[in-house]
Amino acid sequence: MYSLIMTVFNEAKNIEAFLESYNKQSMYAHEVVIVDGGSSDATCEIIEKFSKENPQLNITLFIDPLLNKKYSNAPISEGRNKAISLSKHKIIVCADAGCTLDCDWFENLTEPYRLNNLTKATGGMYRGLAKNEFSTWYVINFMPRENDFSNDGFLPSSRNFSFQREVWERVGGYKLGSFAGEDTRFVLDLKLLGFDIIMTDAFVTWECPVDVVSAAAKHSEYALGDGYHRQFYLKYCWSAIKLPVIGLISVFVKSFEYKF
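In the working numbering, the protein residues as written are -8 to 251.
Possibly wrong hints are sitting among the right ones.
[As the list claims (entries may be wrong)] With a straight-line cut-off of 35 Å between C-alpha atoms, the simulated DSBU-like cross-links for lysine-lysine are: (1) Lys122 - Lys4; (2) Lys43 - Lys182; (3) Lys61 - Lys43.
Derived from the structure by calculation, the hints contain no laboratory data.
Sequences are here, hints too, so could you generate the full structure?
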């Protein structure tokens, strides 16, 4: 049996699209556990209204006003850990509110468990949603290509990931201490313990940054998180060089891919 978990904070612009895409799935989790970090917008009202209108989805919302950057140095990790601890079932499926789900996402992500009860973890793919010229460039230059997901070294994101509860317990949960990079650390620790991750055809669409400022802010958080968890320093050194170059050229050139 499956529990879908996620943590949210001020996601009023995105959460309804996520919920609607989940409602269109070919298969559902046995429960959905959402932890909100004390949103000041309409996130909770949207979730509660959707839950009442769709009781068959078994959505439960928990609100913890301390699980945000004002009070916690690891609100996403704490939120995910809390959602997992509040969930009831053996297999944990993770998603993010900033994504929309392909209609067979849940079925594809969880299929390996039905084929083999020894499956410990599965991962899926993600594509970038480009809303303007800059985000189109961002997708081309920063997002993985489809063949990257089949690479043995690829590390799935918790926007599209699942695992047995025992894996989470063995790893010790999502690590605290940073605003980002916690899902990469979780996957690395999982692999260090010898657990295999089966990649699947499960797809989500992720809304990319729409300008250099928002992209730089996101990459700064990623860099600080990875630095805290002592992982992938070089990647963000390259990113710091690549991002402003792409932003500048994208103003003048309609189609360009920065390669190095």
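Now the hints, each set against the structure:
no., hint, in the structure
1, Lys122 - Lys4, "14 Å, holds"
2, Lys43 - Lys182, "39 Å, violated"
3, Lys61 - Lys43, "30 Å, holds"
Against the hints set out earlier in the document, a violation occurs for number 2 only.
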